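With the sequences and hints as input, model every part of the structure.
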Amino acid sequence: MALLSPWLIGFFVFTLYPIVNSLYWSFTVKRYGQPARWVGLRNYDLLLGNDDLAKALGNTVYLAVFGLPIRIGIAVLAASLLARRRRGNGAYRLMFYVPSVVPAVASGALFFFLLKGGGPVSSLFELFGAEAPVWFGDPRWAKPALIMVGTWALGDVMLIFLAGLVDIPRSLYEAAELDGAGRWAKFRHVTLPMISPVTFFTVLTGLIGVLQSFDQAYVFSQGARRGRLTGEPDGSLLTYAMLQLRQFQDGRIGLASAMAWVLFLLTFAITMALLASRRRWVHTSVEGFG
Amino acid sequence: MTSRRVLMVIGRHAVLIGLAVMFAAPFLFMLLQSVMPLSQAKTTALYPDHFEWSNYSTVFDRIPLGGYVINTLKVCVLTVTGTVVSCVPVAYAFSHVRWKGRNAVFVLVLSTMMLPFQVLFVSQYQIFSTLGWLNSILPLTVPAFFADAFSIFLLRQFFLTLPTETLDAARVDGAGEFAVLRRVVMPMARPGIMAIAIFQFLFSWGDFFGPNIYLQDDDKLTLAVGLVRFNSDVARLGESNLTMAASVVFVLPLIVVFFFAQKVFIEGVTLTGTKG
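Protein sequence lines correspond, in order, to chains A and B. If you want our numbering, it's the 1-based position in the first sequence plus 15. If you want our numbering, it's the 1-based position in the second sequence plus 5.
Keep in mind that the hints were calculated from the coordinates and are not lab data. Among these hints, one or two may not hold up.
Claimed, not checked - One side only, chain B facing chain A, incomplete, derived with CB under 8 Å: (1) V114; (2) R187; (3) V189; (4) G211.
It should be emphasised that the depicted structure is a prediction, and the values quoted were computed from it without experimental measurement. For each residue, glycine too, the CB sits at the ideal point set by N, CA and C.
In structure tokens form, the structure reads like this:
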């Protein structure tokens with residue numbers, strides 16, 4: 016028990032107590048330094064009856080539906096090209112991995128620069144005679160911009176897939192070849208099922224990540240707002256966490272707590288749904304993921 | 006080689022080189038922009054006519070960048086120390102010590118990873134406010150001394166790969182659990198401990214959310230927060246060259262750390278991913 020004490024104390028002070036506290040506050044009107052006043056479900060009513068929540072959720076779903084498949088798809092492609100030991104592969108791996116070391120705040124600033132009017136990307140568009148979108152002035156384009164940053168930083172996902180690919184026994188491919196399987200058939204019937212536990216893991220952590228993503232969206236909307244670009248990027252980038260921060264900064268603690276709980280319940284529901292779907296598409300003979 | 010095979014090899018390299026360009030180009034533009042003269046930075050030019058290295062000193066003049074670096078390093082050193090000191094015994098208790106309810110408690114540890122930090126921070130803020138810790142680095146560093154779930158999980162994976170026989174031999178020789186931990190487990194698990202230290206360092210260096218909430222005074226800010234505030238100021242003036250110079254100062258140490266520690270690092274990512 017002595018060994019366990021750091022975690023135990025931390026669990027009670029920094030996890031369990033805050034959970035109970037914020038659950039209670041979510042049913043109250045509360046400001047710091049003032050006593051909480053019980054209002055029942057009013058905060059939750061307010062949230063569900065408000066456009067902001069629907070908008071934030073819509074944005075989250077957008078990022079998950081378009082962002083995750085691109086991220087995972089490219090990660091699988093890169094990993095499968097690099098799985099075998101070949102000369103030069105080490106250098107490629109490093110290059111693909113480095114962007115994921117860059118903190119969200121910095122990659123946000125970097126892509127803000129890359130995508131702004133007159134920046135490198137818009138020059139590229141001009142090269143092909145097309146007009147570049149106003150990424151941060153237009154709610155429709157701010158989300159693809161976020162997806163781009165996420166795709167750039169896919170190194171950690173690629174590494175996990177690499178580890179999964181290396182573990183696939185060669186004999187499986189040899190057996191498939193004997194059956195006359197081509198390149199695509201091997202990928203479809205050997206590789207994909209064998210890495211399905213890894214895919215499951217990355218989808219799960221990816222979804223939780225999207226639900227809680229904060230830093231990049233904050234940097235984008237901050238830069239756009241202070242930089243006085245056109246439009247209302249706030250409206251397009253409000254992810255759920257940002258909404259909650261606003262409420263927190265306004266001192267509306269009860270409402271902020273209720274939002275956090277809605278977010279938690281959503282995360283929980285999605286995790287459970289994914290776990291339930293696992294049997295249908297995740298190959299269970301593969302060791303590992305519990 | 007048949008011509009089909011040659012085509013395959015060419016195709017493979019074409020895809021890889023294409024991807025490599027996509028991944029490397031943002032870094033290249035960042036570096037080029039960071040040394041671009043201001044007159045050019047406001048145009049659509051992509052390549053500077055001369056390298057304006059003084060952009061870097063300008064950034065140091067405009068904001069207390071040196072102070073930000075020191076503040077950030079303080080937070081990093083403390084959180085890394087805290088994480089290692091607290092997670093090693095806990096991970097050991099979850100891997101090589103037998104006790105009743107171990108698996109159930111471990112599931113509890115893992116489930117805290119699923120908890121959005123938003124659920125916790127509103128209330129944690131009040132705790133730190135009551136303690137009078139706002140506008141100091143204490144809210145950012147003290148919790149690190151109480152073992153976080155991710156590091157426990159990662160370290161436990163490393164500990165599980167250690168041979169039980171060696172540990173049992175030490176126990177037969179009469180060593181207590183703390184002695185086994187210090188003299189047998191820790192030397193063998195050095196790569197694992199390095200991995201959690203590096204992950205914690207990267208996280209603390211780049212973290213924005215916590216420092217942005219808890220730190221107010223300009224002389225107390227960490228690099229991440231200082232950078233965001235600086236960027237929103239210079240964005241108005243169109244000085245994207247300065248923004249990029251500041252970003253280089255922010256990101257370069259991380260890339261250096263990564264290159265020196267890539268082996269440990271890659272093992273760490275791989276272990277968190279595949280075995281559970």
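Numbers of unmet hints, in rising order: 2, 3
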